[in-house]
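Residue numbers (our numbering), protein chains in the order written: chain A, 10 to 332; chain B, 187 to 252.
Simulated from the structure, these hints should not be mistaken for laboratory data.
No residue lacks a Cβ here, since even glycine has one placed at the ideal position from N, Cα and C.
A few of these clues could be false.
Derived lysine to aspartate or glutamate pairs resembling EDC-like cross-links, with alpha carbons at most 20 Å apart [said to hold, decoys possible]: (1) 257/A / 207/B; (2) 257/A / 216/B; (3) 50/A / 79/A; (4) 257/A / 212/B; (5) 21/A / 232/B; (6) 207/A / 53/A; (7) 16/A / 207/B; (8) 188/B / 237/B; (9) 257/A / 211/B; (10) 16/A / 232/B; (11) 257/A / 232/B.
Reference excerpt, derived from the structure (chain B facing chain A, CB under 7 Å, subset only) [stated by the list, open to error]: (12) 188; (13) 193; (14) 216; (15) 218; (16) 221; (17) 228; (18) 230; (19) 232; (20) 246; (21) 247; (22) 248.
The residues making up each chain are set out below.
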Amino acid sequence: MTGVGSKCRVCKAPAVIDLPRHNAKFCAEHLQQLCRRQMAKAIDDFDMLSADDRILVAVSGGKDSLAVWDMLIEAGYQADGLYIGLGIGEYSTDSGGYVRRFADERGLHLTTIDLRTDYGYDIPTAARATGRVPCSACGLSKRRLFDQAALDGGYDVVVTGHNLDDEAAVLFGNTLRWDIDYLARQMPVLPATNGFPKKVKPLIRLTEREMAAWCLVRGIDYVVEECPIAAGNRHLSYKETLNSVEAKSPGSKASFYLGFLERMAPLLAGQSAAAAGDLNECQRCGSPTTGEVCAFCRLLEKSAAHEPVPVEMMLTRGKGRRR
Amino acid sequence: MKVLLRNPRREIEVDGGRSVDRLLEELGLDREAHLVICNGTLVPGDARLDDGDTIEVRPVISGGAD
Numbered sequence: 010m011t012g013v014g015s016k017c018r019v020c021k022a023p024a025v026i027d028l029p030r031h032n033a034k035f036c037a038e039h040l041q042q043l044c045r046r047q048m049a050k051a052i053d054d055f056d057m058l059s060a061d062d063r064i065l066v067a068v069s070g071g072k073d074s075l076a077v078w079d080m081l082i083e084a085g086y087q088a089d090g091l092y093i094g095l096g097i098g099e100y101s102t103d104s105g106g107y108v109r110r111f112a113d114e115r116g117l118h119l120t121t122i123d124l125r126t127d128y129g130y131d132i133p134t135a136a137r138a139t140g141r142v143p144c145s146a147c148g149l150s151k152r153r154l155f156d157q158a159a160l161d162g163g164y165d166v167v168v169t170g171h172n173l174d175d176e177a178a179v180l181f182g183n184t185l186r187w188d189i190d191y192l193a194r195q196m197p198v199l200p201a202t203n204g205f206p207k208k209v210k211p212l213i214r215l216t217e218r219e220m221a222a223w224c225l226v227r228g229i230d231y232v233v234e235e236c237p238i239a240a241g242n243r244h245l246s247y248k249e250t251l252n253s254v255e256a257k258s259p260g261s262k263a264s265f266y267l268g269f270l271e272r273m274a275p276l277l278a279g280q281s282a283a284a285a286g287d288l289n290e291c292q293r294c295g296s297p298t299t300g301e302v303c304a305f306c307r308l309l310e311k312s313a314a315h316e317p318v319p320v321e322m323m324l325t326r327g328k329g330r331r332r
Numbered sequence: 187m188k189v190l191l192r193n194p195r196r197e198i199e200v201d202g203g204r205s206v207d208r209l210l211e212e213l214g215l216d217r218e219a220h221l222v223i224c225n226g227t228l229v230p231g232d233a234r235l236d237d238g239d240t241i242e243v244r245p246v247i248s249g250g251a252d
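When you get a sec, could you build the whole thing from the sequences and use the hints?
Structure follows, in structure tokens:
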């Protein structure tokens, strides 16, 4: 490599990344400074965390969850990790390895749940047994188990690594369908209510590209390969669409999502309260639910009784793609 | 120069003497969705890549959603 001409906007050292939405390039140190400030602003703006909170970070082995765990620890928060082994073949084996190495190298407390060992099913089997798309079965399982672990462990708040791209893509989908209930609930802080723990998303002001860059300059190894059974899902196509807009008009994703939070979400606040409605206790597990048996217990019942489905069977459905 | 691509993991050989942005454009890859690492170091879009460099083009889009 020769002739690296661009300089960091802050210190004029050689830049490692250009961020068109900030109309600037940054060296490794000032990229980190930008990320720290953006996370701190999100936490402050939405009153996400207190200095003495006990935090449970939902970690997957991917860049976002490891980055947010790293950033919280660096900022002085008390944050433990929870990893759920989803049973998605080598992908899960590799993901778990990255999480364990991250925690071990830093002396951090990590709890691990294995779906197959602890609950008698895995995500490929759950998807097949329930007829849900894999991401739906995965999301339902993770939400429930993170909630339960936070309540059982006495944690004040669950942190997830959802970033600006994630939230903008979900907002895009909800807007395409004008799904008012989902739009009303798409907030970066969900307060502790009705037996659910508080949940927050400190990375909403940071893009996937910035989080991947954070991991690279901090020396954090993470699973780069995409989940083999997520490929081709709608969420990913929304991200690609938004990135094509971003390429022509840098800053569009931030304007779309952060503008929604600032100007539209307050108008939907009443809808959110109405949508919450009355909740019952699940007849099986006692968790809050709108019906008699919660969605997780229904999934568990069908999945644990189903013959295990190898992940390879999920890959033969023509969903693979190159990027 | 050797260029490592991901998802799926594969390696291709590309002539040097081009910028990072040009490489991504020629590969048909979105800059917003990728980072480029040259000889182990993250590099910006105008960095010049040469023959003999080892390049990784790393996608950054991840995650499913229900």
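Structure-inconsistent hints, enumerated in ascending order: 12
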